[in-house]
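**Q** Given chain A's structure and the hints, the job is docking chain B onto it.
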Amino acid sequence: MIRQDGLMNGARLVVRVALWANRLFLAGVVLGLGWSLVSPGQFAAVAGAEIAGMRWELLLGLVMGAATDCLLTALAAIIAVAAAGDPFIAANAGRLQRIGWCLLVLQLCELPGLLIARGYPGLGAAAPVPDVSITGWIAVLMVFVLARVFAVGAAMRDDLDGTI
Amino acid sequence: MAIIVRLDDMLARRGVSLTQLSESVDITLANLSILKTGKARAIRFSTLAAICGFLDCQPGDILGFDPQGEEP
Numbered sequence: 477m478i479r480q481d482g483l484m485n486g487a488r489l490v491v492r493v494a495l496w497a498n499r500l501f502l503a504g505v506v507l508g509l510g511w512s513l514v515s516p517g518q519f520a521a522v523a524g525a526e527i528a529g530m531r532w533e534l535l536l537g538l539v540m541g542a543a544t545d546c547l548l549t550a551l552a553a554i555i556a557v558a559a560a561g562d563p564f565i566a567a568n569a570g571r572l573q574r575i576g577w578c579l580l581v582l583q584l585c586e587l588p589g590l591l592i593a594r595g596y597p598g599l600g601a602a603a604p605v606p607d608v609s610i611t612g613w614i615a616v617l618m619v620f621v622l623a624r625v626f627a628v629g630a631a632m633r634d635d636l637d638g639t640i
Numbered sequence: 257m258a259i260i261v262r263l264d265d266m267l268a269r270r271g272v273s274l275t276q277l278s279e280s281v282d283i284t285l286a287n288l289s290i291l292k293t294g295k296a297r298a299i300r301f302s303t304l305a306a307i308c309g310f311l312d313c314q315p316g317d318i319l320g321f322d323p324q325g326e327e328p
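Protein chains in written order, with the working numbering: chain A, 477 to 640; chain B, 257 to 328.
Bound-form chain A, shown alone (with noise of 0.2 angstroms):
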């Protein structure tokens, strides 16, 4: 229990200072969108790059980060949720299932990272770097079916529930 307990504290501080910096590296996104359309001379001057290829890095920059803390906010809530010892409940099926589907678009911004990575190579070392593995894929379709399973188990609980 104890160990568990640690386990879940742990948990909860990697999940809080990985959403804080991807707040932060989505204000920043967010300031770099800004700065390139306000002022897109100066923007390509700094940032030494082809300018229409940072605008569309950064967008997907802007969906990979918003997706990244939808699936934090989620992972937060659940291990709130189980550190109380309550997880197997129909909240945190569906949050999962929520988690799948950031995962999903995660895997999926991987084209177009590619896609940009190959359109503007005057990108050189700024460019996104698209990791396209079959892991992650695996893990998109596991995080679905885990979510299935708490779905099931959290109606079974309920059916238990008022057995006597």
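Possibly wrong hints are sitting among the right ones.
Derived contacts from chain A toward chain B, CB cut-off under 10 angstroms, selection only [unchecked claim]:
hint, residue
1, D481
2, M484
3, N485
4, D634
5, D637
6, G638
7, I640
Keep in mind the hints are simulated off the structure, nothing from the lab. Backbone N, C-alpha and C define an ideal beta-carbon position, used for all residues, glycine too.
**A** Relative to chain A, chain B alone:
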């Protein structure tokens, strides 16, 4: 349609209190109250067997079926 619980009638017929039944069959008074008031959603065979064994009756003496009734 609904299942009617007639535990009260059976307890009265046997002259046994709910507390006595609770102590004898090792089921909490709270759970027996839920069963007695018809708020339970299901009953385990082991619970039914323990109650029937103590009250010397059949499951049909405790449970009934009302096609017009509502589910709990």
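**Q** Does each hint fit the structure? Answer for all of them.
**A** Each hint, compared with the structure:
| no. | hint | verdict |
| --- | --- | --- |
| 1 | D481 | 29 angstroms, violated |
| 2 | M484 | 30 angstroms, violated |
| 3 | N485 | 34 angstroms, violated |
| 4 | D634 | 9 angstroms, holds |
| 5 | D637 | 8 angstroms, holds |
| 6 | G638 | 3 angstroms, holds |
| 7 | I640 | 5 angstroms, holds |
Going down the numbered hints, you'll see the structure goes against 1, 2, 3, while the others check out.
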